[in-house]
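Construct the entire structure; sequences and hints are all you get.
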Amino acid sequence: MSFTSITPARYARYIPQRYRLEAGSCSKCGKWYFPPRLRCKCEKGGDCDITIKALPDHGELLTYTIIHTPSSQFIDQKPFAIGIIELAPGARITAQIADVDFDELEIGMKVRIEFRLIQSVGSSGVLGYGYKVIKV
Amino acid sequence: MTEVGIVGYGAHLPKRRIKVEEIAKVWGADAEGYKKGLMIEEKSVPGPDEDTITLSVEAAKRAIKRAGINPVEIGSVYIGSESHPYAVKPSGTVVAEAIGATPECHCADFEFACKAGSEAMFVTYSQVMAGTVKYGLAIGADTSQGAPGDALEISASAGAAAYIMGAENLVAEITHTYSFMHDTPDFWRREHENYPQHAARYTGEPAYFRHVVGCGERLLETSGEKPENIQWFVAHQPNGKFPLRAGKMLGFPREKIEQGWLINLLGNTYSGSSPLGLTAVLDVAKPGDRIMMVSYGSGAGSDGFLLTVKDRITEVQNITEQTRPMLETGRIYLDYGTYVKFRGKIIRNH
Amino acid sequence: MREVAIVGIGMNKWGELWDKDLRDVFVESAGAAIDDAGVDHIDSMYIGCMTSGLFNAQEHIGSLMADYLGVTPVPATRVESACASGGCAVRQAFIEVASGMSDIVLAGGVEKMTDVSGDGATFSLATAADQEWECYNGVTFPGLYAMMARAHMHKYGTKREHFAQVAVKNHANGFSNPHAQYHVKISVEDVLKSAKVAEPLNLFDCSPITDGAAAVILTTVEKAKALGKPIIKIIGTGQATASIALHSRDLTEIEATRYAAEKAYKMAGKGPDDIDLCEVHDCFTIAELVVMEELGFVERGKSGPAVEAGETNIGGRIPINTSGGLKSKGHPVGATGVAQIFALVEQLRGDAGERQVEGAKVALAQNMGGSGGSTVCTILEAVS
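Residue numbers (my numbering), protein chains in the order written: chain G, 1 to 136; chain S, 1001 to 1350; chain W, 2001 to 2384.
If you are wondering where the hints come from, they were derived from the structure by calculation, not from laboratory data. One should not assume that every hint holds.
Which bits of chain G does chain W cover? Going by a derived footprint, with three or more residues having C-beta under 8 Å, they are [unchecked claim]:
{"hint": "1", "segment": "60-66"}
{"hint": "2", "segment": "89-98"}
Derived PhoX-like pairs: lysine-lysine, alpha-carbon spacing no greater than 25 Å straight-line [unchecked claim]:
{"hint": "3", "chain 1": "S", "residue 1": "K1065", "chain 2": "G", "residue 2": "K135"}
{"hint": "4", "chain 1": "W", "residue 1": "K2196", "chain 2": "G", "residue 2": "K135"}
{"hint": "5", "chain 1": "W", "residue 1": "K2196", "chain 2": "S", "residue 2": "K1341"}
{"hint": "6", "chain 1": "S", "residue 1": "K1065", "chain 2": "G", "residue 2": "K78"}
{"hint": "7", "chain 1": "S", "residue 1": "K1035", "chain 2": "G", "residue 2": "K78"}
{"hint": "8", "chain 1": "S", "residue 1": "K1015", "chain 2": "S", "residue 2": "K1035"}
{"hint": "9", "chain 1": "W", "residue 1": "K2361", "chain 2": "W", "residue 2": "K2223"}
Each residue gets a CB set at the ideal place from its N, CA and C atoms; glycine is no exception.
Now the structure itself:
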C-alpha cells in the first residue's frame, strides 16, 4: 500500500489558504476562522457574517517542539522545529519554524510568515508549497 | 514616448552559505587558488524547503511593497531560471497565486541559461511599453547546481530578484535596451542530465566577453551615452573577475562596479546574477543616477539596459529588506555533507 | 433507561502478534468475553477500530468479525473516534441495552498496527490529527503532545521528571499484568536518557505500536443477577467533542475530557472524590498529567507534584492506570478504550492480583482521541 499525503485536488483546493493565508473574518464578532468555515455560530447571535481576508503575516510563538521522528516526507529535514503561532487574536496556525537556532526558540518569540516548499510526493509527484515562519 | 521602467524591486537570498574551503577540501582542490582565481569566498545554498519558486515569491513580495500597488493589477508574471522546480508546469503559476495576481494574468516561464531573468525583464518592459499590461512582474531566480568536484560547484548558488515594471510612479526609467546574441556552445545541459557541462576556456573570450562587451558597446553606441556619465555598472557574475574586466573594457572603473558586484559572498546566482546586482545598486542609487546593466546567458547572448534613477526611489529604498544586508548578515554555514544532502546529490533508493 | 451491567470481559496478550491477523486478534478476545459472561448468544455488537482500512486494507469489519466470531446475522457496527473508538463502542453498547433495544451487547475494540511499516503506522495515526492544517505542515502526534507539554511546563513549572514519573509508575504497574505488551521496569533516568522523539518528549514518554483487542459483554442488571455474576454497573457515561486541531484549543487543557467527565459524573451522581481508581489515556506521559487535572483529581497545574508525591500509585490517594496504562500495556488504538473497562472490571471484581486496589468500588475510565478532540468517560460501580 502506498501512502500519499497530498493529492492534486486536496492540495489545490486550499491554495488561497496555503499561499495567501486567506481566512474568514466575521464582521459582527471579529472572530477569525482559518480555514474559512461554511457554518459558524456568531457570539453576537445567529450565523457569522464572513468576509475573506488574509491573516496578518507576523505573530507570536505560543509553543513549539523539535521533531526527531517525522513522517516520511520530512525525514530528510529532521530535526526541525514546529510550533503554534498566533497571527491575530484567536487565529492560530501550526507551522515549522525555519532557519532557526534551536537554542533561540522560546515561547513569546516574534515571527513572520515565509513562503516555503513544505513537502513533495517523492521525486515525481506534486510539490506542496505553503507557509512556515522565521524568527524576526 | 511614455516613460517605462521599474516601479518596484525586491531581492531574496537564502540564509545558508558554504565556504570555498569546505568544498575544495573534499575534492583535494586548492582552495586559495579557487578563491584568487574566481574571487569567490563563499556562496549561498538553498535549504531543502527553498527553491526557485519560494525565493521568487519572497522577492516578488518586496517588489510589490516597493511598487506600492495592489497585486491584482499585475497583468503578467514571467520568471526566468535554469532551475525551475518542474520541467513542465510553470514556476510562474505558483508565484502568481502566492502574490494574489491571479486569475487575470499572463504567465510563462523563461529560459536562456543565465539571462532568462533579464529576458523576463525585457519582455515585461516591452509589454508595458506596448500598453498590453499596466504592471508586469519579471523575476530572475535560480538554485543552480554544479557537478560535484567541478569548478562550477564552487560558484553555483541561489537567489532571486524581482521587478515590477510599469509606466507610472517609476523608481528607475529604462531609457535604452539592446540585445546581442549568437549560437555559441559554451555551456549547456542536455535533457535528463543532472548537471550542465561547460567548454572551459571557451566560455571566456568567445562567449562571455564577446557578448557582454559586444552588447555593452552597442548599447552605448545606439544610445549615444558615455561611461563617464553612467554612475553604476552591473554585469553578469559567473566569477569575480569577468565582470570587472568587462566593465574595464567598457570604460568603467572598479568603484562603479563594486556595489552591484555580489559574487564574492554570494556565488553565481545564474538567472538572478545581474538582476540581483541591479537591486543592490538601486538600494543606494540617487535620483538622476544612470545605471548600465548587461546580463549574459550561455548559448549565448546578453541583454543590455540603460536606466535613469527617479526621485521616487528615495521613498522606497528602506521600506523593506535591502540586498547587501541580506548578503552579509544572518548567515548559517554548512559543512559539505549537509550541503550535498540539501542539494540532493546523494544517491538514494526511490 | 434500564440499568446496565458488565458481565463478561476478554482480552488477549498484547504485543507484536506476527502470527495473528486482524480477525484472529479480535475473535480471541471477543470469544473470551463471551465465555467469561457465560451467555449463549449476543444480540448485537459494536467494534471500536480506528483504521483497519489504512493498517490492514480492510473495512466492513462489523460483518467480517460477526462472521468470524460465529454470530451472524446479528447487527454489528464499526465505531470510530480515533483513539477513543473503544470507549465509544462501549458507550454505544450501553445505550443499546439501556434503551431496551437489545439485552446482550458485545463491545469490542481491535487494532492490528504491525502489518504496515513504521512510516505507514505514523501516517495512519496522523489521520487523527488535522490533515490539512497540522499534518501537512509536518507535525506528528508526539509533536502535538510535546507542544502541549512545553506549554504546560511554561505555565505551571511542570518538569520533565514529572512526565518521566508517569512512565515509571505505569511500567511498574504493567509489570504484573499478564496481558501487557511490556514487562519491564524503568527508572526516571531511563526515560530522560531515551531517544528524543519530539522535544521535550523522549521514546519512553510515548506509548508503543501494538496489536491487540479487548471485549466486554453488557446486559441488564437483571440478566447479570440471573447469570450469577458480580454486579458491575455502568452508572455514568459522557462523551464530548472539540476541535481536533491543537491550535484551535487551549494548549494546556483538554476540554473534551472536561465536558465528558462532567456529563459522566452528573449521570452517576458522583464526583472526583468518589472515584477509587482510574484508567486514563496516557498515549504520552503529558496526557496523563493534563487529564488528571481535567477529571478534577488535582488543581490545575498541580498534576506533576501529585505524581511525584506518589498520589497516583497503587495505594495512593487516586491510583491511576493500575493496568500499566497505554505506556506499558500497549496502545492498539481501537482496543484501548475497551481494555480500560476490562482492567477496571477486574479491579472491581477483586481479581487484579498484585495490582489490586483495596476496597475498589467506584472506578472511572477516560478514553480520548487524537490530541484531545474527543473523549469518552465511563464510570463503573460494583454493587453487592
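Each hint, compared with the structure:
1. Under a criterion of three residues with beta carbons nearer than 8 Å to beta carbons of chain W, the stated coverage of the segment 60-66 of chain G is upheld, 5 such residues being counted.
2. Only when three residues or more bring their CB closer than 8 Å to a CB of chain W does the claim for the segment 89-98 of chain G stand; here the count is 5, and the claim holds.
3. The hinted pair formed by S/K1065 and G/K135 meets the criterion: a straight-line CA distance of about 20 Å does not exceed 25 Å.
4. In summary, the hint linking W/K2196 to G/K135 is supported, as the alpha carbons are separated by about 24 Å, within the 25 Å threshold.
5. Under the criterion of a C-alpha separation no larger than 25 Å, the hint pairing W/K2196 with S/K1341 is consistent with the structure, at around 22 Å.
6. Distance check on the hinted pair: S/K1065 and G/K78 sit about 34 Å apart at the alpha-carbon level, beyond 25 Å; violated.
7. For the proposed pair S/K1035 and G/K78, the alpha carbon gap of about 33 Å is over 25 Å, so the pair is violated.
8. Taking the CA atoms of S/K1015 and S/K1035, the gap is about 21 Å. The hint holds against a cut of 25 Å.
9. Proposed proximity of W/K2361 and W/K2223 is supported: the alpha carbons are some 21 Å apart, at most 25 Å.
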